[in-house]
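Asks: Keeping their order, the protein sequence lines are chains A and B.
The letter at position 146 of the first sequence is residue 146 when you use UniProt numbering, and the numbering goes up by one with no holes.
The letter at position 138 of the second sequence is residue 138 when you use UniProt numbering, and the numbering goes up by one with no holes.
Since the hints were derived computationally from the structure, they do not count as laboratory data.
It cannot be assumed that every hint is accurate.
Since copy identity is lost for identical chains, a pair holds within one copy or between any two.
To be verified - Straight-line alpha carbon distances no greater than 25 Å define the calculated DMTMM-like cross-link-like pairs of lysine to aspartate or glutamate that follow:
id, residue 1, residue 2
1, 368, 167
2, 368, 383
3, 368, 332
4, 219, 142
5, 368, 235
6, 219, 425
7, 382, 363
8, 382, 454
9, 368, 142
10, 219, 199
11, 219, 243
12, 368, 123
13, 368, 454
14, 219, 383
15, 382, 292
16, 368, 58
17, 368, 168
18, 382, 279
19, 382, 294
20, 219, 454
21, 382, 58
22, 368, 233
23, 382, 332
Fair warning: this is a prediction, and the values are worked out from it, not measured in the lab.
There are 2 protein chains.
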Amino acid sequence: MKDTLGPMAQGSRTAEVMEAIRRRLATRALAPGERLPSIRRFAGVMGVSPSTVVEAYDRLAAEGVIRSRPGSGFYVVGVAPSLDLRAPGPQRDRAVDPFWVSRQSLDAGAEVLKPGCGWLPPDWMPQTALRRALRQLARAPDALLAEYGSSLGPPRLRRILARHCAEEGLEIGPDALLLTPSGSQSIDLVCRYLLRPGDTVLVDDPCYFNFQALLRVHKVRIVSVPFTASGPDLDLFAAALAEHRPRLYITNSALHNPTGGTLTAQTAHRLLVLAGAHDLTVIEDETFAALEPEPSPRLAVLDGLERVIRIGSFSKTLSAAARCGYVAGPPDLIAALTDLQVATNFGGPSPIAAEIVAAALSDGSYRKHVEGVRRRLSRARKEAAARLADLGITPWLMPRGGFYLWCHLPEGRDAADLSRAALRETVVLAPGNIFSPAQTAAGFMRFNVSQMPERAWQVLAHVLAEPPDRHG
Amino acid sequence: MKDTLGPMAQGSRTAEVMEAIRRRLATRALAPGERLPSIRRFAGVMGVSPSTVVEAYDRLAAEGVIRSRPGSGFYVVGVAPSLDLRAPGPQRDRAVDPFWVSRQSLDAGAEVLKPGCGWLPPDWMPQTALRRALRQLARAPDALLAEYGSSLGPPRLRRILARHCAEEGLEIGPDALLLTPSGSQSIDLVCRYLLRPGDTVLVDDPCYFNFQALLRVHKVRIVSVPFTASGPDLDLFAAALAEHRPRLYITNSALHNPTGGTLTAQTAHRLLVLAGAHDLTVIEDETFAALEPEPSPRLAVLDGLERVIRIGSFSKTLSAAARCGYVAGPPDLIAALTDLQVATNFGGPSPIAAEIVAAALSDGSYRKHVEGVRRRLSRARKEAAARLADLGITPWLMPRGGFYLWCHLPEGRDAADLSRAALRETVVLAPGNIFSPAQTAAGFMRFNVSQMPERAWQVLAHVLAEPPDRHG
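With the hints as extra help, turn the sequences into a complete structure.
Replies: Listed below in structure tokens is the structure:
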């Protein structure tokens, strides 16, 4: 499409190009220091003439947003941060940067599909219970709607959580539970309390990508151990304990993210014996527990919260918009984390949000809702696995529950390349290496079976049909 | 009262004593490492025989909660934390420990009065607007109730904030604003990004006590400058910049906490010139801004968010139960803080809570509500000042707005002593030295005029009537 428009329309085209660049800066699709698309290429993308792009880039440069380097194009202006959140060593491919995936998923427009994201679509969530909870809360006592509330978090939700723990055989007192604004913040609080820069932390390979992002904030050394279908490889786990003396091990129980693996009782027991022998503290993240068909062995239950700290949230089966997480651990630790949370947040989650969570969990419809989600996911996993097989993509294992399939790509295909190609067609994928501290999962991809409408399959088929050398 | 009861009743008395100790541990009235009250003293407090207390202490020791040190009594068991949140140097008096005050206020039972706390009573808050907002939200689109939402926070609230900034003459783009779970967390995020252990940070003396608690988490050196009625003492401020080369200055604008002082235009301008000359970054906390009768000079507006970072929340005039804060700053910084917040919290405030805040702020009744609160506070300040004068307590200045009076106690009276005595009568006060990094405010007390029902005055009169040597 050519610019054959008058000066007014020309001006608004320039504004459009400027706005498109600003949007990319805001969503970090373009990061500080990065080169802007070439004039010619971006003119093609925007359907405008190169002179319009030149005008837009010049104006952004005049505003100080970007800077021209003669002979080499335009670059995003940006100071070097004091805290470098990226991996050390050589600059990674942007498609394997965890932040890139998080922000592409969180900040995606309505047109973007997200088979790479970590949550269920909104219409899979218990909307009726949530809306009833909001209407109930509109009649709550004044204090509940206006005050900070207890430093440990609203007692009603803590009682519900303590009851859940007791049902699993984990009897804990009210001083063993702290509510927080999220599962991530639960881990962050524990890390702030336990870790010092330079400490070593053990994680699974692959593991939830944000564990790595979070640990980088704490400036610790990350050591990873391969994860098998039944838990971490215990021989390598033992060797890592002996060699690296890690302070902490962070893992997912119930349904491992991204693999969908599940601890066996034997692995859980042996792991705890090893942890005891090496004075290792364990964070067990049970974020996906509600999606399990039946409860699998839990480190926290076996250990009785002596060296295992349990964390979780309500984001996967209730609402990610409530933002409420928890930590269960020894009362000494909980007391210290409570002070830490008062110092850094003057309290925990939104008491209003925590009450909504408590009300929705107590709603008569919630248990049925979760059972329905499990059945629906079970069907969706089978259907997705079959369609993936048609594309030459095979699940590493067939999980007992949850919404993830961790898959081998066809021989020779690179997940980061495919993800970049899919993003050009507004589909966010989750390439294997964002989960792999050792960067050994370039041939893997994590799919969220609840987030794959027809167009996602079309784009996936399309990017797979292109020869590998076309990407890059 | 003597124990002349049978073995059953004796057993339940022991359980009561154990419960009383547990409660003190849970609220940190007794902290790890601390000595328990003597057998004889606690028997008096509880109205039981010493043998009952011995039995209770022995059982708690058998449970591993406390430990006996022969010849020196019982101590709370507790590991030395890796992260020591208390002030360095000699152990401070517990009544001047900021955590003690925060947690006594946050975790106070219904019977406890809190003239020392930092918020308005629930019935002063816009309950009608909050309840209307909850009912509106019960009809919101599915995605809003279930999804994480944008990494910068819900756009609706960010637009409202940007409009407020524009009304003050601070034009900012949407990429200059990040929503967070609280004002404290806003400061914490900036500190995590900018500070390194061992850096020096400048604060006012006196200043909001939680600034100190938060800075201790960051292991930085705290240097304080005396605060005058018109802002920090600029000569001493300049000297501190030259001598200590601080990386950051954290202050309250609008209505300074605890003094109620207000920056003059001249002080604000000179302060920024000094900051520029020493490459100092400033965090301006405008938490109390809505309570000002007219806006006072703001560093962020004068500076145009070049080296001043604005933070705030909605806890003082809307709801502390929503838990929503913000940071306004240079887009580069905001982008980095956004990544940091994704890494440590996978997003910002509860989107549900942020929508409630947005809806309540947009409610037709909100502006009138705030005007009403200001008028009511103006009366309450005058009345409280008059009654305090009767007790020999005089405000350091009469603030233009807000709910605090920072007061001189009668000659020779110690605020920590009086606070301990008042706490025995279930009234939480805020003794001066918790606000004073230099510990020069033992003769000051901060009163919240909105939290002083008749019994608070009686207890205050009563503890003042006791001779000073009775406390301790």
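Asks: Against this structure, judge whether each hint is valid.
Replies: Do the hints match the structure? See the list:
In this assembly of identical chains, the alpha carbons of residue 368 and residue 167 lie at most 25 Å apart only when taken from the same copy (18 Å versus 50 Å across copies). For a Cα distance limit of 25 Å, the shortest separation of residue 368 from residue 383 inside one copy, 23 Å, qualifies, whereas the shortest one across copies, 57 Å, does not. Neither within a single protomer nor between protomers do residue 368 and residue 332 lie at most 25 Å apart by alpha-carbon distance, with minima of 37 Å and 46 Å respectively. Taking CA atoms no more than 25 Å apart as the test, residue 219 paired with residue 142 passes in neither setting, with 43 Å inside one copy and 38 Å between copies.
In this homomeric assembly, residue 368 and residue 235 never come within 25 Å of each other (Cα to Cα): the closest approach is 41 Å inside a single copy and 68 Å across copies. Within a single copy, residue 219 and residue 425 get their C-alpha atoms no closer than 36 Å, and across copies no closer than 47 Å, so neither meets the 25 Å cut-off. For a Cα distance limit of 25 Å, the shortest separation of residue 382 from residue 363 qualifies neither inside one copy, at 30 Å, nor across copies, at 48 Å. For the homomeric pair residue 382 and residue 454, the shortest alpha-carbon distance inside one copy (16 Å) is at most 25 Å, but the shortest distance between copies (68 Å) is not.
In the homo-oligomer, the alpha carbons of residue 368 and residue 142 lie at most 25 Å apart only across protomers (19 Å), although the nearest pairing inside one protomer, at 32 Å, exceeds that limit. In this assembly of identical chains, residue 219 and residue 199 lie within 25 Å of each other by CA distance both inside one copy and across copies; the values are 8 Å within and 17 Å between. When the C-alpha separation of residue 219 and residue 243 is checked against a cutoff of 25 Å, the pair qualifies only within one copy, where the shortest distance is 19 Å, while the shortest distance between copies is 30 Å. Taking identical chains as interchangeable, the C-alpha atoms of residue 368 and residue 123 lie at most 25 Å apart only when both belong to the same chain, with a minimum of 15 Å there against 38 Å between chains.
In this assembly of identical chains, the alpha carbons of residue 368 and residue 454 never lie at most 25 Å apart, being 28 Å within a copy and 51 Å across copies at closest. In this assembly of identical chains, the alpha carbons of residue 219 and residue 383 never lie at most 25 Å apart, being 42 Å within a copy and 53 Å across copies at closest. For the homomeric pair residue 382 and residue 292, the shortest alpha-carbon distance inside one copy (16 Å) is at most 25 Å, but the shortest distance between copies (61 Å) is not. For a Cα distance limit of 25 Å, the shortest separation of residue 368 from residue 58 qualifies neither inside one copy, at 58 Å, nor across copies, at 47 Å.
Proximity of residue 368 to residue 168 under the C-alpha cut-off of 25 Å is restricted to the intra-copy arrangement: shortest distance 19 Å within a copy versus 51 Å between copies. In this assembly of identical chains, residue 382 and residue 279 lie within 25 Å of each other by CA distance neither inside one copy nor across copies; the values are 42 Å within and 60 Å between. When the C-alpha separation of residue 382 and residue 294 is checked against a cutoff of 25 Å, the pair qualifies only within one copy, where the shortest distance is 19 Å, while the shortest distance between copies is 63 Å. For the identical chains of this complex, residue 219 and residue 454 are neighbours neither inside a copy (42 Å) nor across copies (52 Å), given an alpha-carbon limit of 25 Å.
Proximity of residue 382 to residue 58 under the C-alpha cut-off of 25 Å is found in neither arrangement, the shortest distances being 52 Å within a copy and 59 Å between copies. Taking the closest pair of Cα atoms, residue 368 and residue 233 never come within 25 Å of each other, the shortest separation being 36 Å inside a single copy and 64 Å across copies. Proximity of residue 382 to residue 332 under the C-alpha cut-off of 25 Å is found in neither arrangement, the shortest distances being 45 Å within a copy and 44 Å between copies.
In summary, the numbered hints that this structure violates are 3, 4, 5, 6, 7, 13, 14, 16, 18, 20, 21, 22 and 23.
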